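A.B. asks: Let's have the full structure, built from the sequences with the hints guiding it.
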Amino acid sequence: MLLLNGKKVSEHKREELKKRAKVFKKTYEREPGLAVVIVGDDPASHVYVRNKVKACEEIGIRSLHHHLMADTKEEKVIELITNLNSNKDTDAILLQLPLPSHLHAETILSHINPKKDADGLTIENMGLLFAGRPRVVPCTPKGVMEILKFYEISVSGKNCVVIGRSQIVGRPMAQLLLLNDATVTTAHSKTKNLSTLTNQADIVVVAAGKPNFLGADDFNKNAVVIDVGIHRLASGLCGDVRFSELKSKVKAATPVPGGVGPMTITMLLENTLILAEASAAQG
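In the numbering used here, the protein residues as written are 1 to 283.
Calculated directly from the structure, the hints in this document are not laboratory data. Predicted model only: the values in this text are computed from it and were never measured. Do not take every clue at face value.
As the list claims (entries may be wrong) - Below 27 Å or equal to it, Euclidean Cα-Cα: the simulated DSSO-like pairs (lysine-lysine) are:
hint, residue 1, residue 2
1, Lys221, Lys247
2, Lys19, Lys149
3, Lys8, Lys190
4, Lys247, Lys149
C.D. replies: Quick look at the structure:
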């Protein structure tokens with residue numbers, strides 16, 4: 001079985017991004033700027049944000065960390081977003097999810113200028129993706145495509161199954177595969193005979209959000225298995241797929257950890273550079 005090492009792909013990609021950031025700084029006499037907005041004290045979110053800030057420093061992207069209290073009113077979050085929209089040194093804005101329960105993610109996301117939308121989650125950017133003219137693409141699906149590209153796994157003409165239909169992963173993942181000429185089936189919690197579907201697939205992207213959900217019997221021996229899930233159990237980290245079962249049972253697979261996860265932050269860095277380059281070019 002070929003191990004699809006996302007950490008290795010991420011390191012390779014970051015070297016490329018360092019060069020782009022250096023060219024940007026030389027051309028425009030400033031670093032690309034990413035503003036990260038986090039509301040509340042969710043421990044996992046703060047770990048993610050620290051990792052993002054560290055990654056920005058490594059690449060040559062200036063990151064600004066805006067931490068708001070958990071009881072911050074929605075209008076105050078929107079006010080901050082509005083100010084960042086008009087800040088010329090802020091090229092990209094990331095709203096760290098999940099938000100406290102009294103806040104509405106869709107409402108707040110709708111106030112981010114689509115040309116500064118680092119996660120590609122605004123309605124305009126989603127619309128551009130589904131119209132086949134993507135500006136920036138949600139980071140996790142984009143990272144999956146980058147892994148496949150690195151290992152020269154073509155999706156053109158392949159039968160692909162995406163398990164999950166979220167706005168962040170499942171739906172944009174299916175669209176990216178379609179744009180690259182795959183034949184795509186989207187499965188979800190109401191799908192019947194899921195194992196039959198996955199056993200017929202050349203490539204399976206699992207974003208079910210359920211720990212150890214699928215195993216070796218759910219795939220054929222020529223399958224490429226991409227596990228997007230990550231869960232912290234008493235026994236340690238695991239994905240949506242029982243990875244230990246896959247060795248010698250499938251053609252290729254991503255591990256958890258060390259698979260899709262490292263790519264998500266790297267794709268955020270690339271999205272920031274894309275937005276910065278576009279903004280600076282327009283003056």
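A.B. asks: None of the hints should be skipped; say for each whether it holds.
C.D. replies: Consistency of the hints with the structure:
1. Lys221 x Lys247: Holds: lysine 221 and lysine 247 sit about 10 Å apart, inside 27 Å.
2. Lys19 x Lys149: holds, 20 Å
3. Lys8 x Lys190: violated, 36 Å
4. Lys247 x Lys149: Judged against 27 Å, a Cα distance of about 22 Å means the pair holds.
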